[in-house]
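*Asks:* Single-letter residue listing:
Protein chains: 2
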Amino acid sequence: MTAPAPATRIVAVDEIAAPVASQMRNAYVDFSKMTCSVIAITAEHRGRRLTGFGYTSNGRYAQSGLLRERFIPRLLAAPPGAFADESGDGLDPRTVRGVLMQNEKPGGHGERSVAVGGLEMAVWDLAAKIAGEPGHRFIARRYGRAVPPDRVTVYAAGGYYEPTTSFAELRAEIRRFVDLGYPLVKMKIGGAPLDVDLARIAAAVDEARPDAAVAVDANGRLTVEEAIACGRALGAAGVHWFEEPVDPLDYGGLAEVASAVTVPLATGENLFSAQDARNLVRFGGLDPATATLQMDPVLSYGVVEYREMLDAAAAAGWAATRFVPHGGHHLALACAAAFGLGGAEVYPTKFQPFGVATPTMRIDGGSMPLPDVPGLGLELRPDLDTVLRRLTP
Amino acid sequence: MTAPAPATRIVAVDEIAAPVASQMRNAYVDFSKMTCSVIAITAEHRGRRLTGFGYTSNGRYAQSGLLRERFIPRLLAAPPGAFADESGDGLDPRTVRGVLMQNEKPGGHGERSVAVGGLEMAVWDLAAKIAGEPGHRFIARRYGRAVPPDRVTVYAAGGYYEPTTSFAELRAEIRRFVDLGYPLVKMKIGGAPLDVDLARIAAAVDEARPDAAVAVDANGRLTVEEAIACGRALGAAGVHWFEEPVDPLDYGGLAEVASAVTVPLATGENLFSAQDARNLVRFGGLDPATATLQMDPVLSYGVVEYREMLDAAAAAGWAATRFVPHGGHHLALACAAAFGLGGAEVYPTKFQPFGVATPTMRIDGGSMPLPDVPGLGLELRPDLDTVLRRLTP
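So the protein sequences, as listed, match chains A and B. Numbered by this note's numbering, the letters in the first sequence go through residues 1 to 393 in order. Numbered by this note's numbering, the letters in the second sequence go through residues 1001 to 1393 in order.
Bound-form chain A, shown alone (with noise of 0.2 angstroms):
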């Protein structure tokens, strides 16, 4: 007797390398040059055709090279039912990080988990397609949850230093944001002196008050030092949490700012592995009543580590509701209904035509609504629309 052939087959990956340009900065980068690599992923299910389709996030740049040179041809080399589920109909995404880091040496974690992340969110929606349910119930299910609500809080990401930002203009996009319905807006600091950043922050909170909150971000920018320094100012200043204060991955330099100030911290987007966020939650001093973990799951190998994140942070006390996941995109949101996390970070006017916010979509009791198609919905945007079908002639 042999196994009958599975019904799935993959016949087609496709990538190609999308501007998500902005003319504005963080205390890190300029964003003028930023790119992210859109996938589709093609299969052909007893006669019909679907492809599922997954972006890279954002501020990693496309991954097209490393897409090509090793995942998406370890994609296409994975033997007949490597990526089936338990019934032989469908797929079970959990399956394609083994596949893909084959013969991949452990640590070294960047760029490598941008690409997998992608891989794993194009199956992710085309797994989804095939069952016919919508990803974040899909993703419930394969993790033996229960049905999951269709709705995620959210935040807006913006306040970057663009070339002319005024603190009126500042001040006009806060407005925006709490009249678009968001209850918690952000906006970066780090890239000025001080009193300039808390000058703008003074603005921004008094523009959102009373209707919202505003968190701040120092892209991992500060030292401890100035970190410290800043924190203080923050926790007077009355922020909603201070971000990345310092380098991503010194963990024993925020220990030392979390000793040092009230304020709530948040990190973990640069943090693209479970081990990384064991070290994190281990050694980094963060108070899991009140500390925000940001890791996001396309950046970070996909879903299965992803998971494996929530799980690791668990077993040291931390509520799956510390996790807001960074991005913006459909895979986080899905995620974050998915598993109970505490919300997800969009972009309402950044990195666009990617991500799930739109810069006049209302967001009604501070929650948006997940997509009800089988799928991420990716394509019920219609200029990210446009955008896939570049990739489906």
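Hints may be right or wrong, so weigh each one.
DSSO-like mimics (lysine-lysine), calculated; alpha carbons at most 27 angstroms apart, straight line [as the list claims (entries may be wrong)]:
hint: 1; chain 1: B; residue 1: K1105; chain 2: A; residue 2: K105
hint: 2; chain 1: A; residue 1: K33; chain 2: B; residue 2: K1105
hint: 3; chain 1: B; residue 1: K1033; chain 2: A; residue 2: K105
Derived Cβ-Cβ restraints for the label pairs, each shown as a range [as the list claims (entries may be wrong)]:
hint: 4; chain 1: B; residue 1: S1259; chain 2: A; residue 2: G144; range: 35 to 45 angstroms
hint: 5; chain 1: A; residue 1: P79; chain 2: B; residue 2: D1311; range: 27 to 37 angstroms
hint: 6; chain 1: B; residue 1: E1086; chain 2: A; residue 2: E226; range: 42 to 52 angstroms
hint: 7; chain 1: B; residue 1: P1382; chain 2: A; residue 2: R46; range: 52 to 62 angstroms
One-sided excerpt, in silico: chain B residues whose CB lies under 7 angstroms from chain A [to be verified]:
hint: 8; residue: D1030
hint: 9; residue: G1059
hint: 10; residue: S1064
hint: 11; residue: L1066
hint: 12; residue: E1069
hint: 13; residue: G1107
hint: 14; residue: G1108
hint: 15; residue: G1110
hint: 16; residue: P1248
hint: 17; residue: D1250
hint: 18; residue: N1270
hint: 19; residue: F1272
hint: 20; residue: E1379
Don't read these hints as lab results, they were simulated from the structure. Where a beta carbon is used, it is the ideal one built from N, C-alpha and C, also for glycine.
With chain A's structure known, arrange chain B on it following the hints.
*Replies:* Leaving out everything else, chain B in the frame of chain A:
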């Protein structure tokens, strides 16, 4: 008055992916598809045309995509004089990392660290050729250090799991290294059950004694519990060091192992940034009197980042002689001499034709001479020079 035009102008950067394929494996990786990037940077200097060469160590694949997408364009887009030394005549390779890392976010140290390290290596080779100095002396001078020795202590890495390796073949390989003059030989463990590995180690130690010591490398494959059990057995077996007992980023696990075993520990080849190295020193529980740090300058952004690692470790009480870099390549050997390290790894029979060791090179007195020509001396190996000529038509 305008500044004089710099005397050196980079005119071309070329790269090829070359196979370093072997039929071997360690506990993690089958090397049959391994590649590395070979890089040539050509410059005009006062009417002469010179080319500097680099290659991307081993174990982490070629970085063709990242080099073409981000790092070579940034190198070529740098303004005239961006890499000039104080005199304006030559190049100061210490300027390279900052130019290449523009608009890169912190954290995520993998892949790009290899691409940048390979490019920086080629600039060191080029700059030393312009200066008319052997690479190790040029590096020492750029860092204000005394004229270094012209020999480096080396050890032979081998003992991989190959498809048909018998105990007799393992003994023959160890014998070959001992007969070539290596005072220390290293073999892989962790890819077989502990009792099999212990029998392999006993055979190797027996074969090597009394002329050479034996170190063992688990390539980060073991759990903490397995590593402790293994380490206790290794102490009794008299091995020289126990390398990568656990995941390279699992500092907490490493500290548990360190507190439970007496065999000297070694690790670091999969840490690619100074911040990761700081974490290892701070949280890894290693004994600065006995442990060996194996970070690799090419895998980790180049000499500038590697020097930061040395300085960070020195501030924590580590002597430079505790550093013995991974990689077996020309830049690791030059750094070992220039910075007074404890030695360097070489591969007498693997990863050919890359590296400084060949299958027949004799190691007199346990050390290897550094090339006595301007630059890092890659062209002195005829089989490597054949590869380099593909880049300089």
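*Asks:* Does B/D1030 pass the interface check with chain A, least Cβ-Cβ distance below 7 angstroms?
*Replies:* 5 angstroms, holds
*Asks:* Need the status of pair B/K1033, A/K105: alpha-carbon distance at most 27 angstroms?
*Replies:* 13 angstroms, holds
*Asks:* Taking the CB of B/E1086 and the CB of A/E226, does the distance hold inside 42 to 52 angstroms?
*Replies:* The hint (42 to 52 angstroms, Cβ to Cβ) is violated, given that B/E1086 and A/E226 are roughly 30 angstroms apart.
*Asks:* Identify whether the interface hint at B/E1069 stands, where standing means a beta carbon of chain A within less than 7 angstroms of its own.
*Replies:* Since chain A brings a Cβ to about 6 angstroms from B/E1069, closer than 7 angstroms, the hint holds.
*Asks:* Okay, B/S1259 versus A/G144 on CB: inside 35 to 45 angstroms?
*Replies:* 37 angstroms, holds
*Asks:* B/G1108 was flagged as interface toward chain A. Is the shortest Cβ-Cβ separation under 7 angstroms?
*Replies:* 3 angstroms, holds
*Asks:* May I ask you to test the hint 27 to 37 angstroms on the CB atoms belonging to A/P79 and B/D1311?
*Replies:* 49 angstroms, violated
*Asks:* Does B/F1272 pass the interface hint, meaning its C-beta sits closer than 7 angstroms to a C-beta of chain A?
*Replies:* 6 angstroms, holds
*Asks:* Have a go at the B/L1066 hint: is there a Cβ in chain A nearer than 7 angstroms to its own Cβ?
*Replies:* OK, holds: B/L1066 within 7 angstroms of chain A, min 6 angstroms.
*Asks:* Just to be careful: measuring from the Cβ of B/E1379 to every Cβ in chain A, is the smallest value less than 7 angstroms?
*Replies:* 27 angstroms, violated
*Asks:* Regarding B/P1382 and A/R46, is the given constraint of 52 to 62 angstroms on their beta-carbon distance met?
*Replies:* The hint (52 to 62 angstroms, Cβ to Cβ) holds, given that B/P1382 and A/R46 are roughly 58 angstroms apart.
*Asks:* Quick one, is the B/S1064 hint okay against chain A at 7 angstroms, beta carbons?
*Replies:* Result: holds, 6 angstroms to nearest chain A Cβ.
Consistency note: the structure conflicts with the earlier hints numbered 5, 6, 20.
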